[in-house]
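Novice: Okay, here's what each chain looks like letter by letter:
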Amino acid sequence: MLRTALFLPLFFLALLSAPFSARAAMEIEVVGGAANKIAIALLPFGAAPNQPVPAIAQIVGDDLKRSGQFSFLDTSGTPPAADIARVNAGAWRSQGAEAVVVGQVVAVSGGRFEVKFRLLDAVKQTQLAGFSYTIAASQWRTTAHQIADIIYEKLTGTRGAFSSRIAYVQKQGKRYELKVADADGQNPRTVVRSGEPLISPAFSPDGGSLVYVSFEDKKPIVYVQSLRDGGRRKAAAYKGSNSAPAWAPDGRRLAVVLTRDQASQIYLVNLDGSGLTRLTRGGNIDTEPVFSPDGQTLYFTSDRGGSPQIYRMAASGGEPRRLSFNGSYNVSPTVSPDGRYLAYIGRDGGRFRVVLHDLANGQTRVLTDSARDESPSFAPNGQSVLYATVQGGRGVLGTVSLDGKTRARLSESGIDAREPDWGP
Amino acid sequence: MNKILGALLLALTVSACSTTGKQATVEDRTSGDTTQSATTGTAAGTGAETSGLGADGATGSALDGSGKYAGDPRKDPASPLSKRSVYFDFDSFVVKDEYNPALEAHAAYLASKRDSRVILQGNADERGSREYNLALGQKRAEAVRKALMALGATDGQLEAVSFGEEKPRDEADSEAAYAENRRVDVVYGDE
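In order, the protein sequences belong to chains A and B.
Counting from 1, position 267 in the first sequence corresponds to residue 267 in the numbering used here; the numbering is continuous, with no gaps.
Counting from 1, position 29 in the second sequence corresponds to residue 453 in the numbering used here; the numbering is continuous, with no gaps.
No lab work stands behind these hints: they were computed from the structure.
Certain hints may be false.
Derived EDC-like pairs (lysine to aspartate or glutamate); straight-line CA-CA distance at most 20 Å [as the list claims (entries may be wrong)]:
#1 B:K570 / B:D513
#2 A:K171 / B:D597
#3 B:K591 / A:E177
None of the values given here were measured: they were computed from a predicted structure.
The following block holds chain A by itself, in its conformation from the complex (with noise of 0.2 Å):
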């Protein structure tokens, strides 16, 4: 396939710009060239005898490299810094970075460790962040990726989202499990199994729970799950199909899509089951709802135009408006946390791709350079999209930026991943 063919040169040209080993579980392709990019000196830490692998740096570097927003420079002869506390940043000033990270991890009492790092200006030579960890092995790459979102809040101004997780579906013949992972896809821990499938897991929006279609019942049917424990419940079960459901940001309340009147119609329902309050009419397939950050609006999928297209409309019902005008096939809205822009699935010349639209004057652009792109959902900092794709036959998942030039992989090799959804 041509996008392989172009995929492989480009890894290998990060590869030999990348101050650290290339893992087969995290596969980066940078697009374009490196404008705007923050220069960063990540210098390997020093290490503790038995540490956990891989580094604290590795970790560190994947996430701001998944970003997009870094550019690194070549710090693997560098030795570790032999005191953190006296850095000669200006040596890599006059190099091109703009800050430097240094750290180190000792091993202390009861097969714990501290964790130290500092985050240099390399212009001004000060100090932008210094953190101290005393941590149990377990916590060693969430104490990484608390490390990347201060990296990344200090330098770029926005909230870093490498501590955040994601959800989504895997298949293995005819298994399904529905996963909680972190961000970067590592770490999966399964809380569904089920012999039959499993779509549209949504996090609520305090990360407490999951809501998602399961056809168990050998039709779709709505659930919402405690994530604390695993407890769960029907959260719609009417005639015909429950499907789509989607958060209120109030937590309390869900948009779902039901057939019980036949066609496949939007719903409002309370997480107790009362107050069911049906949203759009007529024949046609509405379906996909998702709501507005403010709770005033609602953005869908609707065929009542003749072909799939993006409408908005208000929460409380009423006329909706067509939003998307591109092409013949635009399905699956998300919405990002600033509530400007929308993230959805269009389908261009049959190939089925990102495409990000800012609502503010509804110019698109296509992120993705793939063909069978699906289920898009922002990060929880709005930086950048999470999707799933197929890759080699099998289904993978995916995040790119929001400008569209760095996409990276996530799923380990060999599973077949589909339908994520990012939370906090």
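Starting from the structure of chain A, add chain B where the hints point.
Specialist: The following block gives chain B in isolation, referenced to the frame of chain A:
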């Protein structure tokens, strides 16, 4: 209604599959396997071993004296009732004219047997959004349901459901497979 649907499908599954003691979650009827095995036994008191044959035979349908089908017309391969699938064009839920003979036959059968029930299972090919495909499968099943009602079946005999793209008959990545999956299946409750 859901309980009836579940019971119907469970009945279908049990009749089609060997009893492997699977759990209460109703299993996929399309994955049902029938195992027929030959059994061996030793006749007591003799030196000979005998083998029994398992029920491997196909089930025949009775013919009357003139060679025509007697009994259940749905088993007659020459009858339009044997056509159980309606296929759809890409992105479409329009029932094409070529299916009229089959739909007329099913509606007539249902009109003549008021206690007969049918589930219309809508499907879509795998391209595009899963939720939209779930709705598209539903719309296809609904279109067949409306056609059958217009031809004489009653509302209470018909239920339209959708599997979207989740239960493909052909999992290949080809136009032929996609076409096979754009389909509504007419499934009788008592077969």
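Novice: Within 20 Å, alpha carbon to alpha carbon, are A:K171 and B:D597?
Specialist: Since the Cα atoms of A:K171 and B:D597 sit roughly 17 Å apart, the hinted pair holds (cutoff 20 Å).
Novice: Straight-line Cα separation of B:K570 and B:D513 no greater than 20 Å?
Specialist: holds (18 Å)
Novice: Within a Cα-Cα threshold of 20 Å, do B:K591 and A:E177 meet the stated pairing?
Specialist: The hint holds at about 16 Å.
The earlier numbered hints are all upheld by this structure, with none contradicted.
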